[in-house]
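Asker: Chain by chain, the residues:
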Amino acid sequence: MEDIEHIEKEMKLIDEKGVRLDGRKYDELRPIRIEAGVLRRADGSAYIEWGGNKVLAAVYGPREAHPRHLQDPARALVQCRYNMAPFSVSDRKRPGPDRRSVEISKVISEAFSSVVFKEQFPRTSVDIFIEVLQADAGTRCAGLTAASVALADAGVPMRDLVASCASGKIGGVVCLDLNNVEDNSGDADCPMAIVHGTGEIVLLQMDGHLSYEEFQKAMDLSINATSQIYELQRDALRRRYSVTLDEILKESPPAPPAPQAPPPEPVEEPEPASDSDFGPEGI
Amino acid sequence: MSEAVVSDLMRAYVYRLAEKGERVDGRALDEPRKITIQRSFVKTAEGSARVKLGNSDVLVGIKMSVGEPYPDTPNTGVLSTSVEMVPLASPTFEAGPPRPEAIELARVVDRGIRESKMVNTEKLCITPKEKVWIMFIDIHVLDYHGNLFDASSYGAVAALAGTTVPAKAQGMGEDFPLPVDHWPVSVTFAKIKDVILVDPSLDEERMANARLTVTTDENGDIRAMQKGLSGSFTYDEVKRIIETAQKVGRAIRPQLQS
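Protein sequence lines correspond, in order, to chains A and B.
Under our numbering, the first residue of the first sequence is numbered 2, with each subsequent residue one higher.
Under our numbering, the first residue of the second sequence is numbered 470, with each subsequent residue one higher.
These are computed hints drawn from the structure, not numbers from a lab.
Keep in mind that a hint or two might mislead.
Stated by the list, open to error - Simulated pairs of lysine-lysine, BS3-like, Cα-Cα distance not exceeding 30 Å:
(1) B:Lys489 to A:Lys13
(2) B:Lys503 to B:Lys637
(3) A:Lys13 to B:Lys503
(4) B:Lys600 to B:Lys586
(5) B:Lys512 to B:Lys600
(6) B:Lys586 to B:Lys489
(7) B:Lys512 to B:Lys660
(8) B:Lys637 to B:Lys489
(9) B:Lys503 to A:Lys251
(10) B:Lys512 to A:Lys107
(11) B:Lys637 to B:Lys592
(12) B:Lys489 to B:Lys662
(13) A:Lys26 to B:Lys592
Said to hold, decoys possible - Just some of the chain B residues that point at chain A, by a computed CB distance under 8 Å:
(14) Ser509
(15) Thr513
(16) Ser559
(17) Ala564
(18) Asp607
Remember, predicted model here, so these are calculated numbers, not experimental data.
Beta carbons: idealized from backbone N, C-alpha and C, even for Gly.
With the hints as constraints, model all of the structure from the sequences given.
Answerer: See below:
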């Protein structure tokens, strides 16, 4: 960490050719991979690696809402808890919620509130838990993107997946998806989340300094990137749930005609993709 | 779904098998679940390990910082262990301050590491009475499927063994590996009726009436014990448990060391 900060003093965040410290161009995302269904106890779960971010998301519910006085007789509550592990950042973070994580939890809850079909589950709660295991800027976008896949994995009815990404400004240039070094010494950061199918923006935050033109450029970069992220979310769900014709044929080879039909194969739930490897590479 | 509720059917099934010396998942009574260790899972930590014990999944991170020693031990580094039972890991875990279960878990893991003198804390003294290294062991439970005592302990031992002390960043010479002298292994037992089994699964743990954790070192000496739940053990049972803990510990230790 200290080495990077040392280099950063002598080096510009983005050079004359428009190349950033980690070799990316202004409109390039960090590598992202997503895996659906990684936890056993949760009703739905997803794991995401996004650059140096490692984030787990789990969904429980719809289940009885707690505390009970929050229950809504007409619809479900969507409650999110964003939490950082003490070892996820370079200086140990004290366990438990701070003001920042309370705010992030609130805006993520609100982002999902408009896409989940809440009216189908009165008096219940859909609980989303986001655990940041390793942080490298953009954890709320990574968490929200993973939580969206976890909601789908849990089978919670919703209008569409929500994809999230941030853009910011470093060295006077508007850039997509800032990493930790860029975020710490950048001029602005603007995370957003969008419902892919309808283009509704369900999360939008900004801090720093952007002109109106720069803001538009940042949003264009983010919107473009969320289309790529949406495809990665869908791929993760396809990998978890789709069965190819080959797999079906392998499980029940064509048997010679018998007088009795073979007993039906028991239907098994797909094994949670677990173990050390978290699945194939994303982009 | 509540942790306290086990269906009568499952209860009867576990009893019936246990009386024959068998278990639902096919293990022998003295056979722990499969252990998988993924080292250096988190780069922001000075050491880390993700441990799966069966389906229980725990991530342990070590953070090192410089601070003041305790007045009664002015020449030794400080060890601090905490557990977060985050609601992601189980429908029965709730957000909020640590509950007694999490505090007991952290203290039992801490005791095994501290009392075995796994880490040579005297080598973590920088300036006597003023500056020492502080080791923070943070245990993050990710998926709860029974026996968090052993999963957390294996995670903490594996993470500490791979920890680098960041001396350079503090302007105190070269980085060095955390000095590890001993290898404690915790083995937890559950008693269901009068049958004792090792490494209880979620269902077994939920219907156990007593629990005993025994941490032994590489010589087979006992370094920490903790009895839990409202049931009891006879003296003969305790002796048998310690013998099994030594045997199981010997089998598990190489996995933590490699």
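Asker: If a hint holds in the structure, say so; if it does not, say that too.
Answerer: Status of the hints after comparison with the structure:
A distance of roughly 71 Å separates the Cα atoms of Lys489 (chain B) and Lys13 (chain A); the hinted pair therefore is violated under the 30 Å criterion. This hinted pair does not check out: Lys503 (chain B) and Lys637 (chain B) have alpha carbons roughly 38 Å apart, beyond 30 Å. Pair hint Lys13 (chain A) plus Lys503 (chain B) does not hold up; C-alpha atoms about 49 Å apart against a cutoff of 30 Å. The suggested pairing of Lys600 (chain B) with Lys586 (chain B) holds, with an alpha-carbon distance near 20 Å, which does not exceed 30 Å.
Of the pairs offered as hints, the one joining Lys512 (chain B) and Lys600 (chain B) holds, with about 25 Å between alpha carbons and a cut-off of 30 Å not exceeded. The straight-line distance between the Cα atoms of Lys586 (chain B) and Lys489 (chain B) is roughly 40 Å, outside the 30 Å bound, and the hint therefore fails. Distance hint between Lys512 (chain B) and Lys660 (chain B) is unfulfilled; the C-alpha atoms sit about 39 Å from each other, more than 30 Å. The straight-line distance between the Cα atoms of Lys637 (chain B) and Lys489 (chain B) is roughly 58 Å, outside the 30 Å bound, and the hint therefore fails.
Restraint check for Lys503 (chain B) and Lys251 (chain A): the C-alpha separation of about 29 Å stays at or below 30 Å, so the hint holds. The suggested pairing of Lys512 (chain B) with Lys107 (chain A) holds, with an alpha-carbon distance near 28 Å, which does not exceed 30 Å. A threshold of 30 Å between alpha carbons decides the hint, and for Lys637 (chain B) with Lys592 (chain B) the separation of about 16 Å falls inside it, so the pair holds. A threshold of 30 Å between alpha carbons decides the hint, and for Lys489 (chain B) with Lys662 (chain B) the separation of about 13 Å falls inside it, so the pair holds.
Proposed proximity of Lys26 (chain A) and Lys592 (chain B) is contradicted: the alpha carbons are some 46 Å apart, above 30 Å. The restraint placing Ser509 (chain B) at the interface with chain A is violated, with a minimum CB-CB distance near 11 Å, outside the 8 Å limit. Against a cut-off of 8 Å between C-beta atoms, the interface hint on Thr513 (chain B) holds, since the closest Cβ of chain A lies about 5 Å away. Annotation: Ser559 (chain B) was flagged as interfacial toward chain A, and the flag holds, the nearest CB pair being 5 Å apart, inside 8 Å.
Taking 8 Å as the C-beta cut-off, the interface hint given for Ala564 (chain B) holds, the closest approach to chain A being about 6 Å. Hint status for Asp607 (chain B) relative to chain A: holds, with the closest Cβ pair at about 4 Å, below 8 Å.
The structure fails hints 1, 2, 3, 6, 7, 8, 13 and 14 (numbered hints given earlier, in ascending order).
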